[in-house]
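Visitor: Sequence:
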Amino acid sequence: MERLQPSWLKVLDAVADGIYVTDRERRILFWNKGAERISGFRRDEVLGKSCADNVLAHATDAGVCLCETQCPLAKTMIDGCDREAEVNLRHKDGHRVPVSVRTSAIYDDEGGIVGAVETFVDRTEVLSALKKVDRLTEQSLVDPLTGVGNRRFGDRELETRFDEMRRYGWGFAMVLCDIDHFKWINDEYGHALGDKVLQMVAKTLKGAVRGFDFLGRWGGEEFLILLPNLPGEEALKAVLERQRALMESSTFVKDGHPIRVTLSFGASIARENDTPETLYRRVDRLLYKSKQSGRNMVTVG
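Quick note: the sequence shown, position 284, residue 284 per the numbering used here, numbers continuous.
It is possible that some hints are incorrect.
To be verified - In silico SDA-like pairs for lysine to any residue, Cα to Cα no more than 20 Å straight-line:
{"no.": "1", "residue 1": "K291", "residue 2": "L279"}
{"no.": "2", "residue 1": "K183", "residue 2": "H257"}
{"no.": "3", "residue 1": "K196", "residue 2": "H181"}
{"no.": "4", "residue 1": "K196", "residue 2": "Y280"}
{"no.": "5", "residue 1": "K237", "residue 2": "Y280"}
{"no.": "6", "residue 1": "K132", "residue 2": "Q199"}
{"no.": "7", "residue 1": "K183", "residue 2": "G171"}
{"no.": "8", "residue 1": "K33", "residue 2": "C65"}
{"no.": "9", "residue 1": "K206", "residue 2": "G48"}
{"no.": "10", "residue 1": "K92", "residue 2": "G48"}
{"no.": "11", "residue 1": "K92", "residue 2": "P258"}
These aren't lab readings, by the way, just hints derived from the structure by calculation.
Modelling step: build the complete structure from the supplied sequences, incorporating the hints.
Guide: The following block contains the structure:
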């Protein structure tokens, strides 16, 4: 590929979206400030590396890695066709960021494909989420470490869901998920890294739930998710399997060594005769069953 022209690179650097350019071998030749902001990776950390080396580790919502065999950019360099996809990139801090990507081929004067450009846009509603967090912080309803709802907020939301079910017949599911082997992580690497793992899990789950779902830290390494408007247990399990797989595909890097984190889930749809206490006990037993059955799994009942 010809030497990249500084004039138009300055223009690309000013764009808020993430943009990077590769040569035919998928080596990264340009990485703009938008890409730095969204991914957390500085330009000097990625230039010269191949995107095939899982720099961003693009994955589907189901946790399937795209970089090796299903990379949109690689396919675009084969047939020249523009592509769009909704994927999840791996942030430098380890958590997943949902992004929309678009790939286009770059041609030389003879019409041959010599590289490609990929743009990506953060799909999380950042400004809306920040405003919501500010309001909740004022009301002492946010867990200060992870930025999601705290136990007090979770209790209140659970009561609200039961009230809606009694008044309007709106069903919902309660989910408890727990970080597997979290004590070992704390003992092996220290509580500072344990805190970063908690933040990574919270951010990944936040990107996986819908806008009207509730996500909170229930206590320690346990998280609460409340999911309204699900048609039944099969749909509930499918949603949680995607979240489990997405978490399994996330990696936290410590001193050059990848640390993989998995979650165990227990979940149940609220029943007519349930109370918050009975539903919690049932879901807690299901979570315990996932733990006893080998961890990194979903149990619905």
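Visitor: Work down the list of hints and note, for each, if the structure agrees.
Guide: Status of each hint after checking the structure:
1. K291 / L279: Holds - the C-alpha atoms of L279 and K291 are around 19 Å apart, at most 20 Å.
2. K183 / H257: Status holds; Cα separation ~19 Å.
3. K196 / H181: OK: K196 and H181 at ~15 Å, within 20 Å.
4. K196 / Y280: 27 Å, violated
5. K237 / Y280: 18 Å, holds
6. K132 / Q199: Within the cut-off at roughly 18 Å; holds.
7. K183 / G171: 35 Å, violated
8. K33 / C65: Distance ~25 Å between K33 and C65 Cα, so the pair is violated.
9. K206 / G48: Measuring from Cα to Cα gives roughly 32 Å; hence the hint is violated.
10. K92 / G48: Distance ~17 Å between K92 and G48 Cα, so the pair holds.
11. K92 / P258: 12 Å, holds
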